[in-house]
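Using the sequences and the hints, build the whole thing.
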Amino acid sequence: MKKTLNIFSINRWYYRLSLSQKKAVWGIVFLLPWLLGFLLFFLKPLIESIYYSFNKVKVIEGGVQTEFIGWENYIRAFKIDPIFNRLVITMVISALPQVLVIIIFSIIAAILINGKYPGRSLARTIFFIPIIMGTEIASTTLVGTDLVSQELVGGRGIEAFSSRIILDVLIHTGLPTEIVGFVSGALNNIFFVLANSGVPTLIFLAGLQTISPSLYEVAKIEGASAHETFWKVTLPMLSPMILVSTVYSIIDRFFKHATMIDGIRYGMIDRIYDIAFRQANYGLGAAMATVYMLVTVFIVLIVSLLISKVVFYYD
Amino acid sequence: MINSLASIINNITNTSKRNVIVIQKFKTRRKITYSYLKKKTNSVLVMTFKYALIICLSYMILYPLLRMISTTFTHPYDYGSLGSIWIPASPTFDNIKIAAIIMDYPKSVLYTAGSTLSIMLLQVLSAALAGYSFARLKFKGSGLLFALAIFTIIVPPASVMLPQYVFFRNFDILGIFERMTGEKLNLLGKPTSMLILAAMGQGLNGGLFIYIFRQFFKGLPKELEEAAYVDGAGFLRIFFGIVMPLSKPSILTVGVLSFVWNWNDTYFPQLFNPSSNYLRVRLGMLSAPSGGTSNVQLAIGNAISKIPSDVVRLSSASYDSLILTVCSLLVILPLIVFFIIIQKHFIEGIERSGIVG
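Those protein sequence lines, which keep their order, are chains A and B.
Note that our numbering gives residue 82 to position 82 of the first sequence, counting from 1, and the numbers run on in steps of one.
Note that our numbering gives residue 419 to position 104 of the second sequence, counting from 1, and the numbers run on in steps of one.
Hints should not be assumed to be uniformly reliable.
To be verified - Quick list of in silico lysine-lysine cross-link-like pairs, BS3-like style, CA-CA up to 30 Å:
id: 1; chain 1: A; residue 1: Lys116; chain 2: A; residue 2: Lys232
id: 2; chain 1: B; residue 1: Lys453; chain 2: A; residue 2: Lys116
id: 3; chain 1: A; residue 1: Lys220; chain 2: A; residue 2: Lys79
id: 4; chain 1: A; residue 1: Lys220; chain 2: B; residue 2: Lys354
id: 5; chain 1: B; residue 1: Lys563; chain 2: A; residue 2: Lys23
id: 6; chain 1: A; residue 1: Lys116; chain 2: B; residue 2: Lys659
id: 7; chain 1: B; residue 1: Lys355; chain 2: A; residue 2: Lys220
id: 8; chain 1: A; residue 1: Lys58; chain 2: A; residue 2: Lys256
id: 9; chain 1: A; residue 1: Lys44; chain 2: B; residue 2: Lys453
Rather than coming from a laboratory, the hints here were simulated on the basis of the structure.
Computed from a predicted structure; not experimentally measured.
Written out as structure tokens, the structure is:
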């Protein structure tokens, strides 16, 4: 290697490697695009972003100028900004029950489209439409039609899915108001749940396919009922997928979180974007983004720790 | 009784088919009793319930789409009236004409499709390379790097958007461009920045795609690759000649997901390339709240010269929401067509890709 590094010396060096060393070399070569991207577009920005959050940031010609101000951005994000703290709290509170409903619904949907029956392929196509529809498009349409019907009929509600009748019925049965509230809330959100269940359904369908048929045969021979088979075979075998899709759904929900405050719709990401770019306050925006990231990572870690305690791995 | 019958059947299976049929006939005849009827009713009930559930859920999933379609053909004067909820009383194409004009439809579709398609190809390639490295070509520290790749899924893109923005605004690799042209390259407003991100596996949900590919490659039989290696193929040739052709299911899964997600994405285009040629960005701009005149009316006003005079248009809030609905349909229409063409392969791909295996 004293000579200059010409192509032959590299070649000779390569042929002297053992198979596992060659594999390691190619492993790094294959990983190189991702690794570079990871360092340049993920790790460096992440560290910079955390650094910016402790600074007053000014965009100047050809870069940024920073001035250290300690925790002030964080204090401002929580104490002075009128929207951000409410967004964080509603994000955590509203996302968790939504994710629970989404997961339960997706398991049911995946089991429904997994069986063999006439018309299955049509049902499958329909159940995957939420993936292509996109949440926002579905919800804007519904909000749009709702507005018009209220405008025209004076809020009498001609919506086919108005839950008002169900609400009336439930109230008159004398159930506790909490239960009535939960049921009607879930009904009001049914489109929301449906629109977000595409990817979890896909994950569960893939999971159902990996369950070996011999397990079901054993259950049948042992005389298990369909009910028992579900709880003792299907659900434990699906539990790793429950972990995956719960984590996915939480991240997805947090990312798309939006809430109504005083009649105006604020989105979490939109708010950060707004502060950072439209109001040109990079430091405050970075502080908000850091808080958002910490909350997400924290919640995801707690939830996955809790779930992984009951997850059953077959092998 | 039944047990003994079963044992008889088992004994006879090896002899002749005819006997088995006789025994089975005998078995069914014996069972037209209470228990048989109960079983039959049960299965009919379960089937009915299942179909009812599937039909109800399908209706609810399709509801927004069906509403969009019926709204699209509703005459503006009829919009919201009780006579035109599902089937428009006087169907019209005027809404589509207006929406297509203010969205600059053919041009935007081509631009979005081209950009999304190239991002998709780059994402599939980079994710497959990284996934193969994580699955088969392990080296010291690749476990840690995989954990970091999973970490990129958890960390929301919002926490890295500011430095990324600054980076692309003053794009420069080792000061090359500054030395050549005297100033740094501004990659904002060009599709290049999104392509670079996709090629480096940092595009939309890049970590997830790497995960899917790694799981799939781990499930492939090692023997094929080893045989190719023994026969003298290099790792690049093994990857492109053997592994990639075998992984059509997972390529399809990742490709479809990447295409659909990038098509519907507003985050990356808004940040790096706020060109109004993206369908989704155009829709977002039209539906954004504005003080005074709504964005829809402004867009119609801007394009007034292109609109034929016989097309009906109004200026009310409900008309704006009508046009927005039509625009939304136009945005997802190419996706729906694409999905219907590809759905059979896509779902088979999911079943075989072992996303979670």
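Hints and how they fare:
1. A:Lys116 / A:Lys232: holds, 21 Å
2. B:Lys453 / A:Lys116: It is violated: about 40 Å lies between the C-alpha atoms, which goes past 30 Å.
3. A:Lys220 / A:Lys79: violated, 61 Å
4. A:Lys220 / B:Lys354: holds, 15 Å
5. B:Lys563 / A:Lys23: Status holds; Cα separation ~24 Å.
6. A:Lys116 / B:Lys659: Since the Cα atoms of lysine 116 of chain A and lysine 659 of chain B sit roughly 15 Å apart, the hinted pair holds (cutoff 30 Å).
7. B:Lys355 / A:Lys220: Between lysine 355 of chain B and lysine 220 of chain A the Cα gap is close to 18 Å, so the pair holds against 30 Å.
8. A:Lys58 / A:Lys256: holds, 28 Å
9. A:Lys44 / B:Lys453: Given pair lysine 44 of chain A, lysine 453 of chain B holds - Cα atoms ~25 Å apart, limit 30 Å.
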